[in-house]
Structures are given as C-alpha cells and as structure tokens.
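From first to last, the protein sequence lines are chains G and D.
Our numbering numbers the first residue of the first sequence as 2 and each following residue consecutively.
Our numbering numbers the first residue of the second sequence as 24 and each following residue consecutively.
Any given hint might turn out to be false.
[As the list claims (entries may be wrong)] Partial pick of chain D residues on the chain G-facing surface, computed with a CB cut under 7 Å:
| id | residue |
| --- | --- |
| 1 | Gly72 |
| 2 | Leu95 |
| 3 | Ile186 |
Hints were generated in silico from the structure; no laboratory data involved.
For glycine and all other residues, C-beta sits at the position ideal for the given N, C-alpha and C.
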Amino acid sequence: MSAPTPAAALTAPHITAPAAAPAAGPAVNAFRAERIKLTTLRSLWITPLIALVLTAGVTTAVGAALGGKEDNLVDDPGVGIFYGLNFGQAALICFGILLVGQEFNTRMIDVSLTAVPRRGRLYGAKLALGALVGLAVAVLATLGAFAGYAATVPGAWDGPALLRSAVAGVLYQTLLVVFCLGTTAVLGNLTAAMGLLTPSLFLLSPLLSGVPGARRVVQFLPDRAGQYALRYADDPQIAYGHWTGLLIMALWTALAAYGGLRALRRAK
Amino acid sequence: MIEIQGLTKEYDGRRVVDDLTFEVRPGVVTGFLGPNGAGKSTTMRLVLGLDRPTAGHALVTGRPYVELPAPLRTVGALLDAQSMHGGRTAHGHLRWLAASNGLPARRVDEVLGQVGLADAAGRRIRGFSLGMRQRLGVAAALLGDPPVLLLDEPVNGLDPEGIRWIRTLLRDLAAEGRAVLVSSHLMTEMALTADHLVVIGRGRLLADAATSDFIDRHGRTRIRVRAVDPTKLAALLRDPVHGLGATEVGGGAWEVSGAEPERIAALAAAHGVVLYEITVQQDSLEEAFMRMTADSVEYRAEAAA
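Let's have the full structure, built from the sequences with the hints guiding it.
Pasting the structure below:
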C-alpha cells in the first residue's frame, strides 16, 4: 500500500467529518451498539488485550531465555514464533465466547433483540465486531511475536515460509474468535460453550494428536488444521498442505458462524 | 397502539396464550392483569417479537414489531429488570441501546434524570437495588421517546415512593397521548393506575373493560345485619317469601345479597325485628379479581381445613 499523499491528508477531514451523523443505516447502528457493548464492559475489552500481550510476550520471553543457546527451543521456527499463541489463544477463545455468551448468561439477549429485532442484523454486527477485533489483535500479536522472536533468536525466523506463516498466524487468530463466537451462538449458553470449547481446544485436540490412531482424524479439527499452517516445515504425517489446513479451519468457522445464525433465528 | 388478534402460543402442546384479542389504545393506561402464570409475560414477548406465535398476530402501530426500522422510537419495553449485565454502568447500558437505534447520546442523560438515576449514572448495575434496576429499565423504555410503552410488572421491587412515582409517570405518559400497557398481578394497584383493564387467566381473555365498568360489575355489595333477637332475624331472612339471599356469618350476624339496605330496614320494622347493625359492604376488587380468576390459577395452596 502506498503512503498517504499530502492531498489525501487534506481531503480526508472533509470526507470523514460526520460529527452529527444521524442518518446511519440500521446495520451501522447495530454495529455501533456492539462496539459500545465491548468498550463498556471490562471483561470484553480486556481479553483481546491479554491475548495480544501473551502471544507476543511469551514468545519473546521464552526466546530471550532459551534463544541464544545451542539447542533452540524448537526445530521449526513457526512453532517457536507462535509459542506464545498457545497462551494467547486462551484469551482469544474466551473473547469469542464472551462476545455472545454473556448476553445469554444475563438474558440481556432479550433487550438486544428488542433493540435490534432482526436476528441476522444483530448476529452480523456481533460477527463483524468479533472478526475486526480478532483481526486487529492478530496483526499486532503476529508482528509482536515475529519481532520478539527475531530479536531473541537471531537468524532462525527467516525462511521461505516466513510470509505464509505470518499470514496464517493472522488468519488463525481471527478465525478462532469467529469460530468460538459461532459455536457459542449454536449452544446458546455461556457455560456450555466454555465447557465444550476450552477442553476440546486445549486438551483433547493437542493430546489426541499425539496418539497415532486418533491422529488421522484429529488433524482435521479446526485448531490442528489451522496451526499446521503456522509451521515452516512440512509434516509427512499430515494429510494436507499448509494452506489447505487454513482452508479446513475456515470451513469449520463458516459452519459455526452459519450454525449460530440458524440457532438465533429459531425462535423458542 | 397495539392490536392483538387471535394470539396463541403453545409450548410443547401446552397453551400458554389462548386466542387473545384486544387493543391497547393511545391516551389511556391499560392494565394487563392476571395471576402469575396466566400468560402476561408471554403475551408481551410475543408483541415484541421475542417469541413467535403459534397462531394469530400482534401489531404495533400497524406493523409486526420485527418490521419496525428503529423499534425503540416506536415502542419502549420493560421486561425483566434483571436482564442487564451487572458489569456495565447505567450510562453504558443506555449508551449502547441509544446507538442501536441511532438515538442521540444526550437522550441517555435525559432519561437518567427523568427516572432519578442521574447520580448513579456512572455506577455499575451490579450494585443496584431491584428498585434502581426497575428505574433503569424504565429509563431504557423511555430512551426513544416512543408513542407506545409496554411494561411488565414495573412496580416489582419498588418502595412505596417508587410505586407512587411509577403510577404518576404512567398516567402522565398516557396523558401525553401514548398507548401504555402495564402488566400486574395486583388488582388494587391497577384499579388506581389503569383506565382500562384487560384480565386474563390461563392464557384466555376474561375481561376487557373500562376500570369503572369493571368495578361496577364485579364489586359485589352485601348488607351485613345484626338484630337484638337473632332468632327472629333468622326467621325473617330465611322466609322464602322475601326472596333474600342470606348467609349467617357468625356472632348472630347475617350477610344479605340482592337487596337494598332500605328494603331490609323496612322489612325488619314491619316484622318487629329490632336491628342494631346494618352496613353496606363492598367486595374489594382484589376479591372480585380472585373470584374471576379462581378457575384459572395454576398453582394454589390447599385451602386450610
């Protein structure tokens, strides 16, 4: 992308000067409402910040502690760079769950639906906000993780897979938020979402992938597939390529997002 | 204006709302009465599009609620005052609501002042009493300055001062030409607040009348009489010639229905019965309401023997 020209800087204020913009469409209003819901509730805005700090911070800290040594932390730089993501994604998962789940939990969903009675519009606003915040955190966390790793583990981060791993890192985190948001909407319950997603993504999926028999199936779970795209090296035991892994995760996410819409539309 | 036409809702084959038809007109407070479990809240949820009716429909200003482009500008609703996130401040809760319908942010401070929560605007809802939550719920309902208001049990949790406040507020809102539907299970409270009453039991419409008509029709009068000689009084009242419906209520006192006090006094005088008490007793509205809904109460304690 080109840097903003002086002309653009001059005209920009004229285009974006809607101090009083009352005539926004209902979809924009619904999105604004979701944005204010986020900024007015600490548990909502603090989780993406925690994710950012953990993903970039843990990678940097571990790199600083072990990076200079002869035997590096891991063989694959992709795994090293996103070491912090193992911790940061816990907060991302919570964020995706909370974005929808806290409304079910407090029954505030009734108030939200009287304000925005179109289920699709309300859900779309939530999805858009989740994806945008997820994307923003993902970009910053990925940049931070790469910078931290590059600074602490000299030379190891460079390679032909660098760009792919970085793009995958951004998409993985964004998709993860949307996946958790959609799944929570499907379940219609905060506690159930926490109870299903947290152990599946943190225990079941990583542990089972170590079991030879289960591995053939488990590799198609969203987090396994998405995380494979972060790695630099190929793994002969994985049945698909790096980009295909990301695509598999995207399909899971699309399924969860659509299922959430269906669940919300199905009135009691 | 709310039009409810043949509204029916079934949950698992059980009819919670059964073929309801009534109107909520502008300029008056319509009291929506029924015992707990009668279907009041469900009816309100159906009007607001939160549940889908099995049959029939509810229209607000001529349209289904879900088709209103900025619903908060048309309908203000207070449902369960617990349906808020305790972690937000009162101001924060109203701010997202205002934004969702493109309402100016200044409305938030206006309605907070209107319900007397201006000083608590920056406090988290978690620390609010039930009465404060009710006030915040009312503030949310008023946010869009709507012509139609729909309040489910708004006096719940309010202290006497708060109850008087909401009574005045509802009457003022109706006087401004708004249509106000307010549900309650307290008959006497509604008799004071509402101009019109809609009574339901087991989801069915039991009465739809002006409050004054309702009181005339259902507030039964009885005459309580006592005489110096109870035996003579009993003989007189029981005599089928006079056609009086009389029951002994203990202590030598009788209650007579279907007769004017003048007639009873005249009869007693003609038969040489000396009365020392003759009082007109009006059934309380609460009793009328309980009688009317007696068959439709879902859960009831066994009458003590």
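Hint by hint, here is what the structure shows:
This hint holds: glycine 72 of chain D has a C-beta 5 Å from the nearest C-beta of chain G, less than the 7 Å allowed. A least Cβ separation of about 6 Å between leucine 95 of chain D and chain G falls short of the 7 Å threshold, and the interface hint therefore holds. The beta carbon of isoleucine 186 of chain D is not positioned within 7 Å of any beta carbon in chain G (closest approach about 23 Å), and the interface hint is therefore violated.
Consistency note: the structure conflicts with earlier hint 3 alone.
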